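The hints should help you fit chain V onto chain S, whose structure is shown.
Quick mapping for you: the protein sequence lines, in order, are chains S and V.
For the first sequence, position 122 matches number 105 in this note's numbering, and the numbering has no gaps at all.
For the second sequence, position 45 matches number 46 in this note's numbering, and the numbering has no gaps at all.
Worth flagging that the hints you see were computed from the coordinates, not collected in a lab.
Computed from a predicted model, the values in this text were never measured in an experiment.
Glycine included, C-beta positions come from ideal geometry on N, C-alpha and C.
It is possible that some hints are incorrect.
Label pairs and their computed distance ranges (CB to CB) [as the list claims (entries may be wrong)]:
#, chain 1, residue 1, chain 2, residue 2, range
1, V, GLU155, S, GLU(-10), 31 to 41 Å
2, V, THR152, S, PRO17, 46 to 56 Å
3, V, LEU107, S, ALA102, 25 to 35 Å
4, V, ASN10, S, ALA36, 53 to 63 Å
According to the in silico footprint, chain V covers these stretches of chain S (three or more CB under 8 Å from chain V) [to be verified]:
#, stretch
5, -2 to 8
6, 75 to 81
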Amino acid sequence: MTDVTPERTKTVLIVDDSRVSRMMARQYILHLQPGWNVVEAGTGEESLDKARAALPDLVLMDVNMPGMGGIAAAEQLRRLAPALPISLLTANVQSATRERAEALGLGFMEKPITEARIAQLLALAGG
Amino acid sequence: MVELSELENDALIEIFNIGVGQAAASMSALVSEEVRMSVPSISFISRADAARLLGSRLAAEAEAPDRICGVSQHYEGAFDTDAILMFPEDKSLELVRLMVGETVPLQELTDMEQEAMCEIGNIILNACIGTLANVFEQELRGSLPEYHVGTSDEILGVSGSEPDSVVLMLHIDFALDKHQILGYVAFVLDISALHDLKEQINRYIARAMGQA
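Bound conformation, chain S alone:
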């Protein structure tokens, strides 16, 4: 008889100051992966606290937010958890933002949030 260790439930941290965007991302994640956990943060600062508590398997990070902003928050999260997949999910489609994401080892996905885009992002966490 083989021991089967149940796989830990995966957690996605959505960081976005827009409640509507968080709601849409949550809805698509749970439609694609009904068993996963979704944790939300409305600012970069809050995302650091939530990440420490929830130990997410994937972070979806908006860029333009009040306070420290998504790129600074992602840099700090990267230091906390170097292997954690983090993707920007942003309306900022400028090449400068894409290049900054690439330089920091972050994924990049354009808004608007769609189920197809969320599916691509969940694949980063094995979804």
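For chain V alone, kept in the frame of chain S given last:
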């Protein structure tokens, strides 16, 4: 007022066509419908004239013509501008409904109307501005989106600009499969910003002609 040559005007329209194409793709993904957007014209006019023009166009289209909802974002960098996306106020809830789907109750929908409009503005304005920045090979740093409701003059004045400041008016006709929704995008620039924009257009033209 700064005048654009025929070539500069042509280049700016071409750049906006690319930006609007990007915005149309974004809008289509947002509302899950085919969206056609066109850029029939751009014009540089005073803020006061822009307000009059908007007011008269909306009067022909909307049920409550004197009320507009607008989402504005301030951008700084290669040139400074306030970008404003405007819709007749009576279309706002319809747009939000298309964005979040039929399952959200009306009360909740009304509660989140402003936030949802900000997100729509954020996506559409960034699609236009992002294209400009990429074409100009520059970066434009944007503020958070702000939501406003008021007359066309009040909305165009949210930046605190003077009535004689210049508005680059871009008339975008959003044609959705099942909904006829007209929207407008305006960029408010002062004289110095207008010179900076002209310089960026000329650098773009020079690159396009292999001179840079």
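Hint check:
Range check, GLU155(V) to GLU(-10)(S): about 56 Å between beta-carbon atoms, so the 31 to 41 Å window is missed. Roughly 48 Å separates the CB atoms of THR152(V) and PRO17(S), a value that falls within the hinted 46 to 56 Å. Taken as a hint, the range 25 to 35 Å holds for the pair LEU107(V) and ALA102(S), whose Cβ atoms sit roughly 30 Å apart. One distance hint, 53 to 63 Å for the beta-carbon pair ASN10(V) and ALA36(S), holds here, with the actual separation near 55 Å.
With a cut-off of 8 Å between beta carbons, the stretch -2 to 8 of chain S has 7 residues touching chain V; three or more are needed, and the interface restraint holds. A count of 5 residues in the stretch 75 to 81 of chain S with a Cβ less than 8 Å from any Cβ of chain V is obtained; the coverage claim is therefore met, three being the minimum.
Going through the hint list in order, the structure does not satisfy hint 1, though it satisfies all others.
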